[in-house]
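*Asks:* Below, each chain spelled out in residue letters.
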Amino acid sequence: MSTVTLKVDNLKVWYRTLRGDVQALDGVSFGVGDGEVVGLAGESGCGKSTLGKSLIRLDGRMRHVGGTVELDGKELPIADSGRMSGFRFKEVSIIPQYAMSALNPTRRIGRMVAELLESRGVRADGVHQELLRRLELVGLDPEVLDRYPIELSGGMKQRMVMVLSTLLNPSLLIADEITSALDVSTQKAVAEALVDFRDRHYVKSTIFITHDLSLVYQIADSIIVMYAGKLAEKAPTDALVSSPRHPYTRMLISALPEVGVRFGTRRLRGIPGSPPSLLDPPTGCRFRDRCPLAFEKCAEQPPFLEVAPDHFAACWKAF
Amino acid sequence: MLRLERVSKSYRVGTFGGRELVAVREVSLQVRPGEVVSLIGESGSGKSTIGRMILRLTSVTSGTISFEDRDVAAFKGDRLRTYYADVQGVFQDPFSCYNPVFKADRVLELLRGPYFPGMDGRRWRDKLEASLEAVRLDPGQVLGKYPHQLSGGQLQRMLVARALLLDIRLLVADEIISMLDASTRIDVLNLLGDLKARGLGILFITHDLSLGNYLSDTAVILHRGQVVESGPADRVFGQPEHPYTRSLLASVPQLHRKWDRRSHAVPEPAGEGG
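Those sequence lines, one after another, are chains R and S. The first sequence: position 47 = 40 (the working numbering), numbered continuously. The second sequence: position 104 = 261 (the working numbering), numbered continuously.
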């Protein structure tokens, strides 16, 4: 990757709770290249959505504890919601998990789009042609603009939000679990449209957040695997799937049932145990308790190092 | 054991019920002891409606559902209670099956009154522990805890344990693992596999073809309320005959095999049932 769109350096975002700080994102560093689709995979509670959200908007409970985020060479003021507002929608955009709730139910979609554009100081008729072109690209009839969100199916809403989020050609698009509520055939269409948008330069780079490793394998250029608030591994897609270096990634891949694997012939195994609480995370490697390879050295936090070209892992056994 | 014959379900929709919406159309299938039948379909295909009809949570419009050659729809009172001792369901969202005010094991305790009156405390406790161990939960870890203290996988396994307390013969598992993480998902699947080996019949309802394939002996593919293909699982997944099954299989994301990206068109979703 020649140029880098997004650079995240040692980012820490914690949640304030009554019982203390939940260290949901604890020192995360990575880059996203120009034109790259990066898949961010992990189990629930690993911090992947927190990472996505903190790049665009910290909600009331989230606190920026440390680290920096740079987009196109400019530092993003992620802790300052007011200043971030100038970046949102134009430079950084998000497709939220539930497109159903992202559309205003009391407005016809066309009017809602116009209001949104005007709130950003963009004249709606100036981009109308572009809007129609993109609707056609994702297979939506222009007449959806005259309809209310309730009249659209889940997949149609998801595609509508996708067109809307990318209308101003943002540098970075965050797609947070956008396909998890969809059927397999719609899922495929939405995921492929996302790649198509990148190919047409509607968005420069995309972070595709999902819990489904086999889905991200289909469309991403590289994959980041997160575990308990830290990055476990990052590598080009094929390298990550065919030669994973972190034991967590390996176990995750071997726990996936595929068409063709049968219980009777080959028994897959899950990962015993459960992720540690991030309220008071253990020292050292956070996967240590569930890891079959753990040894004394794991009491010390492994750094996130390059183990092969473009292939990073945080495991003492991988170096 | 369980047999569905030309079962249909329709709803009256629109103002004054002027329109009829057919959710399930003449579906026939059967589940034998120790057999896992996967009922696979996309949302709106009627797969959950079938599960709910079997569990008597909704009525049948036409056709018959019979369990051991007796019509399920006719069960009342005591006979219905014994039917539920044979047939139980577990559903998608384990978090909404528990009352957050009470301890999680209350779902198990509630069975004691109607089904095991007069069983002494000690034997009940042994029975509880045996069923929790059967789903590989450590009784010490889960008993006496509130739902928020347990993980999704633990809560879901506890619901299976509840079904097992009754020594059921048929389990209707409606999307029971789609809410779980990949690392715990396979544990619940393996658990079902072990139960099947002990003679339990399972109707495994899912939208995920790869999960359906891992466990099942028979696969039934539903599309808009109708069975489009059914047969031995390896044949349905290996040499699918119906174009709908083929297109579904081609859309499933799989590791080590990328999608065929030549077909770039976005399919128009089939008409949404209001």
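Keep in mind the hints are simulated off the structure, nothing from the lab. Here the structure is a predicted model, which is why all the values come from computation and not from measurement. Keep in mind that the hints are not guaranteed to be accurate.
Covered stretches of chain R, as calculated for chain S (at least 3 residues, CB under 8 Å) [as the list claims (entries may be wrong)]:
# : region
1 : 98 to 105
2 : 200 to 207
Simulated restraints on C-beta separations [to be verified]:
#  : chain 1 : residue 1 : chain 2 : residue 2 : range
3  : R       : ARG243    : S       : LYS233    : 29 to 37 Å
4  : S       : ALA407    : R       : ASP231    : 54 to 62 Å
5  : S       : ARG279    : R       : LEU298    : 50 to 58 Å
6  : S       : PHE232    : R       : THR99     : 43 to 51 Å
7  : S       : SER335    : R       : ARG56     : 31 to 39 Å
8  : S       : SER404    : R       : ARG193    : 23 to 31 Å
9  : S       : ARG392    : R       : ARG54     : 27 to 35 Å
10 : R       : ASP118    : S       : GLU183    : 47 to 55 Å
Ideal Cβ placement from N, Cα and C applies to all residues, glycine included.
*Asks:* Take the hints in turn and mark each one as holding or not.
*Replies:* Now the hints, each set against the structure:
{"no.": "1", "hint": "98 to 105", "result": "violated (count 0)"}
{"no.": "2", "hint": "200 to 207", "result": "holds (count 4)"}
{"no.": "3", "hint": "ARG243/R / LYS233/S: 29 to 37 Å", "result": "violated (55 Å)"}
{"no.": "4", "hint": "ALA407/S / ASP231/R: 54 to 62 Å", "result": "violated (21 Å)"}
{"no.": "5", "hint": "ARG279/S / LEU298/R: 50 to 58 Å", "result": "holds (57 Å)"}
{"no.": "6", "hint": "PHE232/S / THR99/R: 43 to 51 Å", "result": "holds (47 Å)"}
{"no.": "7", "hint": "SER335/S / ARG56/R: 31 to 39 Å", "result": "holds (33 Å)"}
{"no.": "8", "hint": "SER404/S / ARG193/R: 23 to 31 Å", "result": "holds (26 Å)"}
{"no.": "9", "hint": "ARG392/S / ARG54/R: 27 to 35 Å", "result": "violated (52 Å)"}
{"no.": "10", "hint": "ASP118/R / GLU183/S: 47 to 55 Å", "result": "holds (52 Å)"}
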